[in-house]
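K.L.:
Residue numbers (my numbering), protein chains in the order written: chain A, 27 to 280; chain S, 115 to 325.
These are computed hints drawn from the structure, not numbers from a lab. Any given hint could be a false lead.
[Claimed, not checked] Partial list, derived from the structure: chain S residues whose beta carbon lies under 10 angstroms from chain A:
| id | residue |
| --- | --- |
| 1 | Met125 |
| 2 | Arg129 |
| 3 | Ser130 |
| 4 | Gln136 |
| 5 | Gln137 |
| 6 | Ile239 |
| 7 | His241 |
| 8 | Met242 |
| 9 | Asn245 |
| 10 | Tyr266 |
| 11 | Val268 |
| 12 | Ser284 |
| 13 | Pro287 |
| 14 | Pro306 |
| 15 | Glu307 |
[Said to hold, decoys possible] Computed, partial: chain A to chain S, Cβ under 8 angstroms:
| id | residue |
| --- | --- |
| 16 | Ala30 |
| 17 | Asp72 |
| 18 | Ser98 |
| 19 | Phe101 |
| 20 | Asp125 |
| 21 | Phe147 |
| 22 | Gly224 |
| 23 | Pro226 |
| 24 | Arg279 |
What you are looking at is a predicted structure, and each value in this text was computed from that prediction instead of being measured. A virtual CB, placed ideally from N, CA and C, is assigned to each residue, including glycine.
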Amino acid sequence: MSLAKRIIPCLDVNAGRVVKGINFLGLKDAGDPVEIAKRYDEQGADEVTFLDITASSEDRGLILPIIEQVSSQVFIPLTVGGGVRQVEDIRTLLNVGADKVSINTAAILNPQLIFEASQKFGSQCIVVAIDAKRAATPSGYGVFTHGGRKETGLDAVEWALSCYQLGAGELLITSMDRDGTKSGFDLELTKKISESVGIPIIASGGVGSLQDLVDGIKLGGADAVLAASIFHYGEYTVREAKTYLRDHGVEVRL
Amino acid sequence: MSEIVIVDYGMGNLRSVEKALQQVAPLQSIKVTSDPQLIRTADRVVFPGQGAMPDCMRELKQLGLTEVLLEVANNKPFLGICLGLQMLFEHSEEGNTHALGVFKGDVVRFNEAQLFDECGSRLKIPHMGWNQVEQSMEHPLWKSISNQSRFYFVHSYYVREKEAIASGISRYPESFTCAVARDNIFAVQFHPEKSAASGLTLLENFVQWKP
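Bound conformation, chain A alone (with noise of 0.2 angstroms):
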């Protein structure tokens, strides 16, 4: 017995409200995070993660109330990504309650944010997110940004090792192929990164199924996955999803 596999589920926060569908039975409004939150926690999720998709900047500061919020009532692990900047914007996060906060295009226009950010505030609460598709690069796969329409031109394995060494605690690897197909994590990409770099990786994109989970971890090598769809829409609650893992040998919290 040993570590857990770690089950994320993730909620898309816009102008302060959820707004991906979600399905719970019993809940008055289905787009109060707060309820939503609890909710995964009392299902057995391992942590949380909110990312604001709010694209009016004086709008994005409707995520700090829900964040205050949610970290007084759920006491799991509170991710929050999305429009984070500059160091300031990570302790505002931080102030409110967040633990860790995921940082991505913001990384990739300034390298050393993640160096400042990781010195400041500790390795453990700095989260890079990478938005990763097919490319011709060394490792077959480049680093985007604005959903998947523009390529950076890094490499995405070079990438994920550079977050490492500037003092990344753990990377968010989306594959913009898989996400929204529910066809299954990339495999191929989240192993060359876990492989590659010597901190935990979330994989994240493409879950359609409680066996593309298992096959995340065992085939991908992730340390944790990260899912939206499946847990929004009640296909599967995520007590569901750790019963899967454990019956398909991978140790959940349960």
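Fit chain S to the known structure of chain A by using the hints.
P.N.:
Chain S in isolation, oriented as in the chain A frame:
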């Protein structure tokens, strides 16, 4: 009304510790403070910590807190969390730091080269996530928590005690001490404030503890 203080020395986010204590002790006064006098007069002391050990020791010294911490570690219910456990030892490998020396022993880093699980997969540093804790000593703070319950960890260094104070053991993949207890002190490597029901129970036990 009894007063619980959370020692604030600028290292890491103490809000989650505060919120979790508010949850389990809604009628008690909970203060986050760096005022030595408030720490001295409190009924219970929580000593958390995050980040790097050298910075922690430097901040403690600059704020003039080492003396009062050594004092209250001797006479009040005292809960160390994460770096708040490590700082109670004599020395840490991290930045070759001399710590408070309340307990005999040192703090060392997980050995990257030896971190493979039974299937040969690489184990990562930090040790991050939910691991089982074997309660190696009977203690009031383990009350109502089943043995081998999982708690949330995130750390790269662990303690190697040189006296019989281990109260909890985890594996990664080798056994390491993740909780210690002696007299009025209980200190843990994991984060009870982020460990869902088991963590809240431990905090509640601390709030009620009469060593």
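K.L.:
Each hint needs a verdict: does it hold in this structure or not?
P.N.:
Hints, one by one, checked against the model:
{"no.": "1", "hint": "Met125", "verdict": "holds, 8 angstroms"}
{"no.": "2", "hint": "Arg129", "verdict": "holds, 5 angstroms"}
{"no.": "3", "hint": "Ser130", "verdict": "holds, 6 angstroms"}
{"no.": "4", "hint": "Gln136", "verdict": "holds, 8 angstroms"}
{"no.": "5", "hint": "Gln137", "verdict": "holds, 7 angstroms"}
{"no.": "6", "hint": "Ile239", "verdict": "holds, 6 angstroms"}
{"no.": "7", "hint": "His241", "verdict": "holds, 7 angstroms"}
{"no.": "8", "hint": "Met242", "verdict": "holds, 5 angstroms"}
{"no.": "9", "hint": "Asn245", "verdict": "holds, 5 angstroms"}
{"no.": "10", "hint": "Tyr266", "verdict": "holds, 6 angstroms"}
{"no.": "11", "hint": "Val268", "verdict": "holds, 4 angstroms"}
{"no.": "12", "hint": "Ser284", "verdict": "holds, 8 angstroms"}
{"no.": "13", "hint": "Pro287", "verdict": "holds, 6 angstroms"}
{"no.": "14", "hint": "Pro306", "verdict": "holds, 9 angstroms"}
{"no.": "15", "hint": "Glu307", "verdict": "holds, 6 angstroms"}
{"no.": "16", "hint": "Ala30", "verdict": "holds, 5 angstroms"}
{"no.": "17", "hint": "Asp72", "verdict": "holds, 6 angstroms"}
{"no.": "18", "hint": "Ser98", "verdict": "holds, 5 angstroms"}
{"no.": "19", "hint": "Phe101", "verdict": "holds, 5 angstroms"}
{"no.": "20", "hint": "Asp125", "verdict": "holds, 6 angstroms"}
{"no.": "21", "hint": "Phe147", "verdict": "holds, 7 angstroms"}
{"no.": "22", "hint": "Gly224", "verdict": "holds, 6 angstroms"}
{"no.": "23", "hint": "Pro226", "verdict": "holds, 5 angstroms"}
{"no.": "24", "hint": "Arg279", "verdict": "holds, 4 angstroms"}
Hint check: no violations occur; every hint is consistent with the structure.
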